[in-house]
Amino acid sequence: MRIDFSLFRDCKNQVRRGRRCEVVAPIAASSFDLTEEYASAFRTESYHEFWAQVLDHELEHGAALKLPISARRGKSVGGFLAENLLSPDQTTVSKILGHLKPGSLWLETRALLTDYYAGTADASLLFGLLFQEIDRTRRRFRPLKAAVHSLLSGSRPSRDALRAVGDYVSKSGDARFDPFGVSQSKFQSVRERSVSLLDRLESGRKKARAKRQRLRRIKRAAASVCVVVFVASASIVVACVPIHAVVAAAALPGLVSAGVGRGGRSARRLDRGIAQLDAAARGAYILNRDLDTISRLVARLRDEAEHARRLLRLCKWGGGDEEEGGGGRWMTEEVVQQAVRSVGSFSRQLDELEEHLYLCFMTINKARKLVMQEILFAN
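When you line the sequence shown up against our numbering, it's residues 1 to 379, in that order.
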(Lines of atoms letter the chains of each structure in order from A and count residues from 1; the text may use other names and numbers.)
(Lines give C-alpha, C1' and ligand atoms only; values in the text may rest on other atoms or scores of the structure.)
Protein backbone atom coordinates (compact mmCIF):
# COMPACT_ATOMS: atom_id res chain seq x y z
CA MET A 1 0.00 0.00 0.00
CA ARG A 2 1.43 3.36 -1.01
CA ILE A 3 1.24 6.20 1.49
CA ASP A 4 0.13 9.60 0.24
CA PHE A 5 2.92 11.81 1.56
CA SER A 6 1.13 14.93 0.35
CA LEU A 7 -0.91 14.63 3.55
CA PHE A 8 2.21 15.47 5.52
CA ARG A 9 3.19 18.42 3.36
CA ASP A 10 -0.36 19.85 3.62
CA CYS A 11 -0.22 19.43 7.38
CA LYS A 12 3.19 21.12 7.53
CA ASN A 13 1.92 24.06 5.49
CA GLN A 14 -0.95 24.51 7.94
CA VAL A 15 1.55 24.59 10.81
CA ARG A 16 3.50 27.32 8.99
CA ARG A 17 0.31 29.40 8.68
CA GLY A 18 -0.32 29.05 12.41
CA ARG A 19 -3.30 26.70 12.12
CA ARG A 20 -3.90 23.27 13.56
CA CYS A 21 -3.56 20.36 11.15
CA GLU A 22 -6.98 19.06 10.15
CA VAL A 23 -5.96 16.47 7.57
CA VAL A 24 -8.62 13.76 7.45
CA ALA A 25 -7.96 10.32 6.04
CA PRO A 26 -11.11 8.20 6.45
CA ILE A 27 -10.64 4.77 7.93
CA ALA A 28 -13.08 1.89 7.84
CA ALA A 29 -14.00 0.29 11.14
CA SER A 30 -13.04 -3.16 9.89
CA SER A 31 -9.74 -2.22 8.20
CA PHE A 32 -6.39 -0.76 9.14
CA ASP A 33 -5.43 2.36 7.17
CA LEU A 34 -1.67 2.82 7.20
CA THR A 35 -1.99 6.28 5.66
CA GLU A 36 -4.20 7.38 8.56
CA GLU A 37 -1.76 5.96 11.09
CA TYR A 38 1.15 7.87 9.55
CA ALA A 39 -0.92 11.03 9.15
CA SER A 40 -1.93 10.89 12.81
CA ALA A 41 1.75 11.10 13.76
CA PHE A 42 1.89 14.46 11.97
CA ARG A 43 -1.06 15.82 13.97
CA THR A 44 0.57 15.33 17.34
CA GLU A 45 1.57 18.15 19.66
CA SER A 46 5.25 17.23 19.32
CA TYR A 47 5.03 17.60 15.55
CA HIS A 48 3.53 21.10 15.87
CA GLU A 49 6.20 22.05 18.41
CA PHE A 50 8.91 20.69 16.12
CA TRP A 51 7.77 22.73 13.13
CA ALA A 52 7.25 25.80 15.27
CA GLN A 53 10.95 25.51 16.17
CA VAL A 54 11.88 25.04 12.52
CA LEU A 55 9.92 28.13 11.50
CA ASP A 56 11.41 30.19 14.34
CA HIS A 57 14.86 29.07 13.23
CA GLU A 58 14.17 30.13 9.64
CA LEU A 59 12.96 33.56 10.71
CA GLU A 60 15.89 34.03 13.10
CA HIS A 61 18.47 33.16 10.44
CA GLY A 62 16.82 35.19 7.71
CA ALA A 63 15.85 32.28 5.47
CA ALA A 64 14.41 33.18 2.08
CA LEU A 65 10.76 32.48 2.87
CA LYS A 66 9.67 33.01 -0.73
CA LEU A 67 11.53 29.92 -1.90
CA PRO A 68 9.55 26.71 -2.45
CA ILE A 69 8.98 24.89 0.82
CA SER A 70 10.84 21.78 -0.29
CA ALA A 71 13.96 23.74 -1.23
CA ARG A 72 13.80 26.09 1.76
CA ARG A 73 13.17 23.28 4.20
CA GLY A 74 16.22 21.24 3.23
CA LYS A 75 18.52 24.23 2.99
CA SER A 76 17.63 25.94 6.26
CA VAL A 77 17.17 22.87 8.45
CA GLY A 78 19.78 20.52 7.05
CA GLY A 79 22.89 22.34 8.20
CA PHE A 80 21.60 23.35 11.64
CA LEU A 81 19.23 20.54 12.56
CA ALA A 82 21.39 18.78 15.12
CA GLU A 83 22.73 21.97 16.73
CA ASN A 84 19.42 23.80 17.07
CA LEU A 85 16.63 21.22 17.34
CA LEU A 86 18.20 18.31 19.25
CA SER A 87 16.44 18.06 22.61
CA PRO A 88 17.92 17.87 25.14
CA ASP A 89 21.11 19.09 23.49
CA GLN A 90 24.47 17.53 24.25
CA THR A 91 25.66 20.43 26.39
CA THR A 92 22.65 20.10 28.68
CA VAL A 93 23.04 16.32 28.87
CA SER A 94 26.72 16.61 29.82
CA LYS A 95 25.94 19.13 32.57
CA ILE A 96 23.15 17.01 34.05
CA LEU A 97 25.14 13.77 34.00
CA GLY A 98 28.15 15.59 35.45
CA HIS A 99 26.19 17.12 38.36
CA LEU A 100 24.28 14.05 39.51
CA LYS A 101 24.55 13.17 43.18
CA PRO A 102 27.41 10.74 43.91
CA GLY A 103 26.14 7.19 43.97
CA SER A 104 22.83 8.06 42.26
CA LEU A 105 23.88 6.02 39.20
CA TRP A 106 25.96 2.90 38.87
CA LEU A 107 29.15 3.70 36.99
CA GLU A 108 28.26 1.25 34.21
CA THR A 109 24.80 2.79 33.86
CA ARG A 110 26.26 6.29 33.66
CA ALA A 111 28.68 5.19 30.93
CA LEU A 112 25.90 3.51 28.93
CA LEU A 113 23.63 6.55 29.15
CA THR A 114 26.49 8.81 28.08
CA ASP A 115 27.10 6.56 25.07
CA TYR A 116 23.37 6.53 24.28
CA TYR A 117 23.16 10.31 24.11
CA ALA A 118 26.36 10.50 22.06
CA GLY A 119 25.03 7.87 19.64
CA THR A 120 21.69 9.59 19.10
CA ALA A 121 23.48 12.92 18.61
CA ASP A 122 25.65 11.31 15.93
CA ALA A 123 22.50 9.97 14.25
CA SER A 124 20.99 13.46 14.22
CA LEU A 125 24.17 14.80 12.59
CA LEU A 126 23.84 12.07 9.98
CA PHE A 127 20.24 13.11 9.32
CA GLY A 128 21.43 16.69 8.87
CA LEU A 129 23.95 15.49 6.29
CA LEU A 130 21.24 13.53 4.48
CA PHE A 131 19.02 16.62 4.45
CA GLN A 132 21.83 18.57 2.81
CA GLU A 133 22.31 15.87 0.18
CA ILE A 134 18.56 15.76 -0.47
CA ASP A 135 18.58 19.51 -1.05
CA ARG A 136 21.64 19.26 -3.29
CA THR A 137 20.03 16.45 -5.30
CA ARG A 138 16.82 18.46 -5.68
CA ARG A 139 18.70 21.45 -7.01
CA ARG A 140 20.56 19.21 -9.44
CA PHE A 141 17.38 17.52 -10.67
CA ARG A 142 15.19 20.64 -10.87
CA PRO A 143 16.36 21.85 -14.33
CA LEU A 144 16.55 18.25 -15.54
CA LYS A 145 12.96 17.60 -14.47
CA ALA A 146 11.75 20.66 -16.37
CA ALA A 147 13.79 19.64 -19.41
CA VAL A 148 12.41 16.09 -19.44
CA HIS A 149 8.83 17.35 -19.19
CA SER A 150 9.47 19.76 -22.06
CA LEU A 151 10.43 16.82 -24.28
CA LEU A 152 6.73 15.98 -24.52
CA SER A 153 5.50 19.55 -24.89
CA GLY A 154 5.82 19.76 -28.68
CA SER A 155 6.41 17.80 -31.84
CA ARG A 156 10.15 18.34 -31.55
CA PRO A 157 12.14 18.75 -28.33
CA SER A 158 13.88 22.07 -27.88
CA ARG A 159 17.64 22.31 -28.11
CA ASP A 160 17.82 23.65 -24.54
CA ALA A 161 15.91 20.63 -23.24
CA LEU A 162 18.13 18.23 -25.14
CA ARG A 163 21.23 20.08 -24.00
CA ALA A 164 20.08 19.86 -20.34
CA VAL A 165 19.49 16.12 -20.71
CA GLY A 166 22.84 15.67 -22.45
CA ASP A 167 24.70 17.67 -19.80
CA TYR A 168 23.16 15.61 -17.02
CA VAL A 169 24.04 12.31 -18.70
CA SER A 170 27.58 13.54 -19.39
CA LYS A 171 28.13 14.68 -15.80
CA SER A 172 26.81 11.44 -14.35
CA GLY A 173 29.18 9.52 -16.64
CA ASP A 174 29.21 5.80 -17.15
CA ALA A 175 29.66 5.05 -13.45
CA ARG A 176 26.67 4.21 -11.28
CA PHE A 177 25.07 7.44 -10.10
CA ASP A 178 24.86 7.71 -6.30
CA PRO A 179 23.02 10.81 -5.00
CA PHE A 180 24.03 9.96 -1.41
CA GLY A 181 27.61 8.86 -1.84
CA VAL A 182 29.04 11.46 0.57
CA SER A 183 27.00 10.26 3.56
CA GLN A 184 27.39 6.50 3.06
CA SER A 185 30.60 5.99 5.06
CA LYS A 186 29.14 8.10 7.87
CA PHE A 187 25.86 6.19 7.66
CA GLN A 188 27.57 2.82 7.96
CA SER A 189 29.61 4.00 10.93
CA VAL A 190 26.53 5.34 12.77
CA ARG A 191 24.62 2.16 12.02
CA GLU A 192 27.36 -0.11 13.39
CA ARG A 193 27.70 1.99 16.56
CA SER A 194 23.94 1.96 17.04
CA VAL A 195 23.81 -1.84 16.83
CA SER A 196 26.72 -2.11 19.29
CA LEU A 197 25.03 0.39 21.63
CA LEU A 198 21.79 -1.61 21.67
CA ASP A 199 23.71 -4.81 22.49
CA ARG A 200 25.54 -3.11 25.36
CA LEU A 201 22.34 -1.57 26.72
CA GLU A 202 20.58 -4.92 26.69
CA SER A 203 23.59 -6.58 28.34
CA GLY A 204 23.73 -3.86 31.01
CA ARG A 205 20.00 -4.20 31.63
CA LYS A 206 20.33 -7.98 32.08
CA LYS A 207 23.21 -7.52 34.52
CA ALA A 208 21.23 -4.97 36.53
CA ARG A 209 18.19 -7.26 36.68
CA ALA A 210 20.35 -10.20 37.78
CA LYS A 211 21.90 -8.02 40.49
CA ARG A 212 18.41 -6.95 41.55
CA GLN A 213 17.36 -10.58 41.89
CA ARG A 214 20.40 -11.32 44.03
CA LEU A 215 19.58 -8.39 46.31
CA ARG A 216 16.02 -9.65 46.69
CA ARG A 217 17.26 -13.08 47.69
CA ILE A 218 19.69 -11.53 50.17
CA LYS A 219 16.90 -9.38 51.60
CA ARG A 220 14.62 -12.38 52.06
CA ALA A 221 17.46 -14.35 53.69
CA ALA A 222 18.24 -11.42 56.00
CA ALA A 223 14.58 -11.17 56.98
CA SER A 224 14.57 -14.88 57.79
CA VAL A 225 17.69 -14.47 59.93
CA CYS A 226 16.04 -11.55 61.71
CA VAL A 227 13.04 -13.67 62.62
CA VAL A 228 15.23 -16.52 63.86
CA VAL A 229 17.36 -14.17 65.97
CA PHE A 230 14.29 -12.50 67.43
CA VAL A 231 12.74 -15.83 68.38
CA ALA A 232 16.00 -17.00 69.90
CA SER A 233 16.28 -13.76 71.86
CA ALA A 234 12.79 -14.15 73.18
CA SER A 235 13.60 -17.68 74.31
CA ILE A 236 16.66 -16.45 76.16
CA VAL A 237 14.61 -13.76 77.91
CA VAL A 238 12.12 -16.34 79.02
CA ALA A 239 15.01 -18.38 80.45
CA CYS A 240 15.77 -15.43 82.78
CA VAL A 241 19.20 -14.49 81.57
CA PRO A 242 20.94 -11.41 83.00
CA ILE A 243 19.66 -8.00 81.95
CA HIS A 244 22.66 -7.14 79.75
CA ALA A 245 21.95 -10.23 77.65
CA VAL A 246 18.37 -9.09 77.26
CA VAL A 247 19.56 -5.72 75.96
CA ALA A 248 21.91 -7.40 73.49
CA ALA A 249 19.18 -9.70 72.27
CA ALA A 250 16.82 -6.77 71.77
CA ALA A 251 19.47 -4.93 69.75
CA LEU A 252 20.15 -7.81 67.36
CA PRO A 253 16.95 -7.41 65.28
CA GLY A 254 17.67 -3.70 64.88
CA LEU A 255 21.16 -4.40 63.58
CA VAL A 256 19.84 -6.92 61.09
CA SER A 257 17.09 -4.51 60.01
CA ALA A 258 19.70 -1.82 59.39
CA GLY A 259 21.52 -4.17 57.06
CA VAL A 260 18.26 -4.94 55.27
CA GLY A 261 17.59 -1.20 54.96
CA ARG A 262 20.91 -0.63 53.25
CA GLY A 263 20.08 -3.46 50.88
CA GLY A 264 16.73 -1.80 50.18
CA ARG A 265 18.41 1.45 49.19
CA SER A 266 20.69 -0.43 46.81
CA ALA A 267 17.66 -2.21 45.37
CA ARG A 268 15.83 1.07 44.78
CA ARG A 269 18.88 2.52 43.07
CA LEU A 270 19.06 -0.57 40.87
CA ASP A 271 15.36 -0.25 40.02
CA ARG A 272 15.92 3.32 38.88
CA GLY A 273 18.94 2.25 36.83
CA ILE A 274 16.91 -0.53 35.18
CA ALA A 275 14.17 1.97 34.27
CA GLN A 276 16.77 4.28 32.71
CA LEU A 277 18.37 1.45 30.74
CA ASP A 278 14.93 0.26 29.62
CA ALA A 279 14.12 3.70 28.20
CA ALA A 280 17.53 3.97 26.52
CA ALA A 281 17.28 0.45 25.06
CA ARG A 282 13.84 1.21 23.60
CA GLY A 283 15.21 4.39 22.04
CA ALA A 284 18.23 2.55 20.61
CA TYR A 285 16.01 -0.22 19.23
CA ILE A 286 13.74 2.27 17.46
CA LEU A 287 16.78 4.11 16.12
CA ASN A 288 18.13 0.85 14.68
CA ARG A 289 14.83 0.14 12.94
CA ASP A 290 14.74 3.71 11.60
CA LEU A 291 18.26 3.38 10.25
CA ASP A 292 17.29 0.13 8.53
CA THR A 293 14.32 1.87 6.91
CA ILE A 294 16.46 4.81 5.81
CA SER A 295 18.98 2.38 4.33
CA ARG A 296 16.24 0.74 2.26
CA LEU A 297 14.85 4.09 1.12
CA VAL A 298 18.30 5.30 0.08
CA ALA A 299 18.97 2.04 -1.79
CA ARG A 300 15.65 2.42 -3.60
CA LEU A 301 16.56 5.99 -4.51
CA ARG A 302 19.89 4.86 -5.92
CA ASP A 303 18.18 2.25 -8.09
CA GLU A 304 15.63 4.77 -9.33
CA ALA A 305 18.37 7.31 -10.08
CA GLU A 306 20.30 4.71 -12.07
CA HIS A 307 17.13 3.72 -13.95
CA ALA A 308 16.40 7.37 -14.78
CA ARG A 309 19.98 7.93 -15.95
CA ARG A 310 19.81 5.00 -18.35
CA LEU A 311 16.51 6.16 -19.79
CA LEU A 312 17.91 9.66 -20.22
CA ARG A 313 20.85 8.23 -22.13
CA LEU A 314 18.30 6.80 -24.58
CA CYS A 315 16.58 10.19 -24.73
CA LYS A 316 19.82 12.02 -25.41
CA TRP A 317 19.96 13.68 -28.84
CA GLY A 318 21.66 11.02 -30.90
CA GLY A 319 23.78 13.07 -33.27
CA GLY A 320 23.84 16.52 -31.71
CA ASP A 321 22.45 19.55 -33.56
CA GLU A 322 20.78 19.29 -36.94
CA GLU A 323 23.58 21.35 -38.50
CA GLU A 324 25.97 18.56 -37.52
CA GLY A 325 23.90 15.94 -39.31
CA GLY A 326 22.39 14.26 -36.27
CA GLY A 327 18.82 15.51 -36.54
CA GLY A 328 17.31 12.35 -37.98
CA ARG A 329 17.53 10.22 -34.86
CA TRP A 330 14.49 10.88 -32.70
CA MET A 331 13.72 9.16 -29.44
CA THR A 332 10.45 7.26 -29.31
CA GLU A 333 7.54 8.70 -27.38
CA GLU A 334 7.40 5.63 -25.14
CA VAL A 335 11.00 6.07 -23.99
CA VAL A 336 10.39 9.73 -23.22
CA GLN A 337 7.25 8.89 -21.24
CA GLN A 338 9.16 6.30 -19.24
CA ALA A 339 11.89 8.85 -18.54
CA VAL A 340 9.29 11.37 -17.35
CA ARG A 341 7.73 8.76 -15.06
CA SER A 342 11.13 7.70 -13.73
CA VAL A 343 12.21 11.26 -12.93
CA GLY A 344 8.84 11.89 -11.27
CA SER A 345 9.16 8.69 -9.24
CA PHE A 346 12.65 9.72 -8.13
CA SER A 347 11.31 13.09 -6.97
CA ARG A 348 8.50 11.42 -4.98
CA GLN A 349 10.90 8.98 -3.36
CA LEU A 350 13.13 11.88 -2.41
CA ASP A 351 10.15 13.50 -0.66
CA GLU A 352 9.34 10.25 1.13
CA LEU A 353 12.90 9.91 2.39
CA GLU A 354 12.83 13.48 3.66
CA GLU A 355 9.52 12.97 5.46
CA HIS A 356 10.84 9.81 7.11
CA LEU A 357 13.98 11.62 8.23
CA TYR A 358 11.84 14.23 9.98
CA LEU A 359 9.88 11.48 11.72
CA CYS A 360 13.12 9.78 12.79
CA PHE A 361 14.49 13.03 14.17
CA MET A 362 11.30 13.62 16.17
CA THR A 363 11.51 10.05 17.51
CA ILE A 364 15.11 10.61 18.62
CA ASN A 365 14.08 13.75 20.51
CA LYS A 366 11.17 11.97 22.19
CA ALA A 367 13.36 9.05 23.29
CA ARG A 368 16.09 11.38 24.60
CA LYS A 369 13.52 13.28 26.66
CA LEU A 370 12.07 10.06 28.13
CA VAL A 371 15.52 8.87 29.21
CA MET A 372 16.28 12.26 30.76
CA GLN A 373 12.96 12.16 32.64
CA GLU A 374 13.99 8.83 34.17
CA ILE A 375 17.37 10.28 35.17
CA LEU A 376 15.86 13.39 36.76
CA PHE A 377 13.13 11.39 38.51
CA ALA A 378 15.78 9.22 40.14
CA ASN A 379 17.51 12.32 41.54
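If you're looking for bench data, these hints aren't it; they were derived computationally from the structure. Check each hint, because a few of them may be wrong.
As the list claims (entries may be wrong) - Restricting the straight-line Cα-Cα distance to at most 35 Å, the calculated cross-link-like pairs of lysine-lysine (DSBU-like) are:
1) K206 / K219
2) K207 / K219
3) K207 / K186
4) K95 / K186
5) K366 / K186
6) K366 / K206
7) K211 / K145
8) K206 / K95
9) K95 / K369
10) K219 / K145
Unchecked claim - Between beta-carbon pairs, the in silico distance windows are:
11) L314 / K95: 58 to 68 Å
12) S189 / T92: 23 to 33 Å
13) I218 / D89: 19 to 29 Å
14) G344 / Y285: 33 to 43 Å
15) R209 / R142: 22 to 32 Å
16) R193 / T91: 18 to 28 Å
17) L314 / T114: 48 to 58 Å
18) L125 / H99: 20 to 30 Å
19) L97 / L314: 56 to 66 Å
20) K211 / N379: 18 to 28 Å
21) A111 / R216: 21 to 31 Å
22) D303 / E192: 15 to 25 Å
23) Y285 / F377: 49 to 59 Å
Just so you know, even glycine gets a beta-carbon here, dropped at the ideal spot from N, CA and C.
Do the hints match the structure? See the list:
1. K206 / K219: 20 Å, holds
2. K207 / K219: OK: K207 and K219 at ~18 Å, within 35 Å.
3. K207 / K186: 31 Å, holds
4. K95 / K186: The hint holds at about 27 Å.
5. K366 / K186: 23 Å, holds
6. K366 / K206: At roughly 24 Å apart (the allowed maximum being 35 Å), K206 and K366 satisfy the hint.
7. K211 / K145: 61 Å, violated
8. K206 / K95: 28 Å, holds
9. K95 / K369: Judged against 35 Å, a Cα distance of about 15 Å means the pair holds.
10. K219 / K145: Violated, because 71 Å separates the two Cα atoms, which is more than 35 Å.
11. L314 / K95: 58 to 68 Å: With Cβ atoms ~59 Å apart, the hint holds.
12. S189 / T92: 23 to 33 Å: Roughly 25 Å apart at Cβ, these two residues keep to the hinted range, so it holds.
13. I218 / D89: 19 to 29 Å: 41 Å, violated
14. G344 / Y285: 33 to 43 Å: Between G344 and Y285, where Cβ atoms are some 35 Å apart, the hint holds.
15. R209 / R142: 22 to 32 Å: 54 Å, violated
16. R193 / T91: 18 to 28 Å: Given about 21 Å between the Cβ atoms, the range holds.
17. L314 / T114: 48 to 58 Å: 54 Å, holds
18. L125 / H99: 20 to 30 Å: With a Cβ separation near 25 Å, L125 and H99 satisfy 20 to 30 Å, so the hint holds.
19. L97 / L314: 56 to 66 Å: 58 Å, holds
20. K211 / N379: 18 to 28 Å: Holds, at about 20 Å.
21. A111 / R216: 21 to 31 Å: With Cβ atoms ~25 Å apart, the hint holds.
22. D303 / E192: 15 to 25 Å: 23 Å, holds
23. Y285 / F377: 49 to 59 Å: With a Cβ separation near 21 Å, Y285 and F377 fall outside 49 to 59 Å, so the hint is violated.
The structure does not agree with the numbered hints 7, 10, 13, 15, 23 stated previously, though it agrees with the rest.
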